[in-house]
Amino acid sequence: ETGVTQSPTHLIKTRGQQVTLRCSSQSGHNTVSWYQQALGQGPQFIFQYYREEENGRGNFPPRFSGLQFPNYSSELNVNALELDDSALYLCASSWRALSRHNSYEQYFGPGTRLTVT
Amino acid sequence: GENVGLHLPTLSVQEGDNSIINCAYSNSASDYFIWYKQESGKGPQFIIDIRSNMDKRQGQRVTVLLNKTVKHLSLQIAATQPGDSAVYFCAENKLFNGGSQGNLIFGKGTKLSVKP
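Protein sequence lines correspond, in order, to chains R and S.
Numbering-wise (the numbering used here), the first sequence opens with residue 146 and increments by one.
Numbering-wise (the numbering used here), the second sequence opens with residue 6 and increments by one.
Mixed in with the good hints, there may be bad ones.
As the list claims (entries may be wrong) - Label pairs and their in silico Cβ distance ranges:
1. S:A34 - R:G161: 16 to 26 Å
2. S:N58 - R:Q163: 38 to 48 Å
3. R:R202 - S:D22: 35 to 45 Å
4. S:V75 - R:P215: 42 to 52 Å
5. S:A34 - R:G173: 21 to 31 Å
Claimed, not checked - Chain R regions said to be covered by chain S (calculated; three or more residues, Cβ under 8 Å):
6. 184-198
7. 204-212
Honestly, the hints are just simulated from the structure, not real lab data.
Source: prediction; values computed, not measured.
We put the CB at the ideal spot given by N, CA and C, even for glycine.
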């Protein structure tokens, strides 16, 4: 187990609704990344948060947004849900130092399975 | 553009045999690679990583080989066990705007099945 936790484990929403997914990072980690994994595919990078700010983003529309809190936990919000948003949403935590080379290791949580009907 | 892909989508091996999972990448500037194992219903589990200044790294029963000349990465699992059955992903670290942090680019994965 990595120590990264996510909630809820499963969620069913209707097209057009909004959803919030939550992640608690591993102890000692200050950076959180979110990934979307469609069935049978590899995870796709959504965005990354460091020091409560988004510092990198993949090819996802603005209706995907996030937050990071002072305790380094994070939320992923998706507005106006579409059927194609059905996927496993993964959170990964890592450590980023302020002044030296960083660790690239990312440790994943178990994911939230989102189904949009 | 950058791409991390896998040569074989499925691999079936006999218990006790060695497994080799291959991966190709296209970004010659990539300096860090990771192998993850993902079991059904779970998140990816870190197995082993390697930086571009190395060509081989060994862990417990696993070895990662990096050939920068042909941009090829492989994961070798010794004495494969039924518990090794999973989907294996290689991932490449892509830096943000030349900075020191980045995101992972994953391939589609190889499903490893171990026959008892």
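These are the hints, each one checked on the structure:
no.: 1; hint: S:A34 - R:G161: 16 to 26 Å; result: 41 Å, violated
no.: 2; hint: S:N58 - R:Q163: 38 to 48 Å; result: 45 Å, holds
no.: 3; hint: R:R202 - S:D22: 35 to 45 Å; result: 42 Å, holds
no.: 4; hint: S:V75 - R:P215: 42 to 52 Å; result: 46 Å, holds
no.: 5; hint: S:A34 - R:G173: 21 to 31 Å; result: 29 Å, holds
no.: 6; hint: 184-198; result: holds (count 8)
no.: 7; hint: 204-212; result: violated (count 0)
Violated hints for the displayed structure, listed by number in ascending order: 1, 7.
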